[in-house]
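Q: On the provided structure of chain A, position chain B as indicated by the hints.
If you read the sequences in order, they're chains A and B.
So for the first sequence, the numbering used here puts the first residue at 1; every next one is plus one.
So for the second sequence, the numbering used here puts the first residue at 1; every next one is plus one.
Simulated from the structure, these hints should not be mistaken for lab results.
It cannot be assumed that every hint is accurate.
To be verified - The list that follows gives simulated cross-link-like pairs (lysine-lysine, DSS-like), each with its CA atoms no further than 30 angstroms apart: (1) K64(B) x K2(A); (2) K14(B) x K64(B); (3) K96(A) x K20(B); (4) K66(B) x K79(A); (5) K96(A) x K55(B); (6) K66(B) x K42(A); (7) K96(A) x K41(B); (8) K99(B) x K42(A); (9) K45(A) x K41(B); (10) K42(B) x K79(A); (11) K79(A) x K64(B); (12) K45(A) x K79(A); (13) K55(B) x K2(A); (14) K79(A) x K41(B); (15) K41(B) x K42(A); (16) K66(B) x K2(A); (17) K99(B) x K55(B); (18) K96(A) x K64(B); (19) K96(A) x K99(B); (20) K96(A) x K2(A); (21) K45(A) x K55(B); (22) K2(A) x K41(B); (23) K99(B) x K45(A); (24) K55(B) x K42(A).
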Amino acid sequence: RKEVEQDPGPFNVPEGATVAFNCTYSNSASQSFFWYRQDCRKEPKLLMSVYSSGNEDGRFTAQLNRASQYISLLIRDSKLSDSATYLCVVTRNTGKLIFGQGTTLQVKP
Amino acid sequence: GAVVSQHPSRVICKSGTSVKIECRSLDFQATTMFWYRQFPKKSLMLMATSNEGSKATYEQGVEKDKFLINHASLTLSTLTVTSAHPEDSSFYICSATDKGAIDTQYFGPGTRLTVL
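Chain B with its partners taken away, still in its complex shape:
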């Protein structure tokens, strides 16, 4: 099946620093990638939808200047959490849809961010 990787799997950083998370589709071309955030014991919340070569579409309440998304190629999207604060600590998960099967989302393994 389709594989999506995320890097890093876990990151701990100081407040005020920026953190970049990569999401890669390893064996397929991803027309669309999605970024989610999940707080403990809560549901996954969609943050933004990213299409290759165009600007990301952010969900209501998600600050686009704080969560920078770049989708430069059909296999790579990045999420940068800028000037991270402790309240940004969360589980960030990406997913990707295959060009040939747009109804199915394949999830990456997630990145656990802890901001001290």
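Next up, chain A with everything else stripped away, as it sits in the complex:
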């Protein structure tokens, strides 16, 4: 079983839609949690950190449920420019980043 699991998608949604991605992690000792965005053939870029109290940044909301070992990302009012792969990332106490496979989002006009 992978340490970080995501549904690879793709998720095809129309502009303006709300879309949610989920991620589960298997190591209960995981310390920090992030969502990264990766465009085709580019490096991943940090989108936002994820906290148990929830974290909102504009149209993006991330949530962590430690009891269920579950992380979510909600994107409201999708834009064409949101089309990308969204990577769920957890860290161990060593500081290493463990990446999920990524969920691909395609926003259509």
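A: Below, chain B alone, put in the same frame as chain A:
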């Protein structure tokens, strides 16, 4: 924000040759640099962790004699793929942590290696 560069961005080589990839932190001192590999439609896989002035720590299953890592200064780490084979073709990405913000990794733009 912190900038990490990689060179070359793309390389095509013949089977059996060695390829060196450079990773530089341009505006900060990187205590630690990480090397990742990503195959198409797969997640980034950590290959090794490199601390300035010491030997790299390799992840399980990564051959240290095939993927040579040197971290000679606080701004430069190199990955050399020795005797490259077609199965080594991949997207190689480095990241670096700032001495003053060790919880954040800044990623380089990646190097696409194609071995013919």
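Q: If a hint holds in the structure, say so; if it does not, say that too.
A: Hints and how they fare:
1. K64(B) x K2(A): Holds - the C-alpha atoms of K2(A) and K64(B) are around 24 angstroms apart, at most 30 angstroms.
2. K14(B) x K64(B): 21 angstroms, holds
3. K96(A) x K20(B): 24 angstroms, holds
4. K66(B) x K79(A): 43 angstroms, violated
5. K96(A) x K55(B): Judged against 30 angstroms, a Cα distance of about 17 angstroms means the pair holds.
6. K66(B) x K42(A): Given pair K66(B), K42(A) holds - Cα atoms ~25 angstroms apart, limit 30 angstroms.
7. K96(A) x K41(B): Answer holds: K96(A) to K41(B) is near 21 angstroms, not above 30 angstroms.
8. K99(B) x K42(A): Judged against 30 angstroms, a Cα distance of about 25 angstroms means the pair holds.
9. K45(A) x K41(B): Cα-Cα ~17 angstroms, so holds.
10. K42(B) x K79(A): Holds, because 25 angstroms separates the two Cα atoms, which is no more than 30 angstroms.
11. K79(A) x K64(B): Violated, at about 43 angstroms.
12. K45(A) x K79(A): 18 angstroms, holds
13. K55(B) x K2(A): 28 angstroms, holds
14. K79(A) x K41(B): 23 angstroms, holds
15. K41(B) x K42(A): Holds. K41(B) to K42(A) sits at ~13 angstroms (cutoff 30 angstroms).
16. K66(B) x K2(A): 25 angstroms, holds
17. K99(B) x K55(B): 18 angstroms, holds
18. K96(A) x K64(B): With Cα atoms ~18 angstroms apart, K96(A) and K64(B) stay inside 30 angstroms; holds.
19. K96(A) x K99(B): Holds: K96(A) and K99(B) sit about 16 angstroms apart, inside 30 angstroms.
20. K96(A) x K2(A): 15 angstroms, holds
21. K45(A) x K55(B): 28 angstroms, holds
22. K2(A) x K41(B): 15 angstroms, holds
23. K99(B) x K45(A): Holds: K99(B) and K45(A) sit about 20 angstroms apart, inside 30 angstroms.
24. K55(B) x K42(A): This hinted pair holds, its Cα atoms lying about 28 angstroms apart.
Of the hints listed earlier, those the structure fails to meet are numbers 4 and 11, in rising order.
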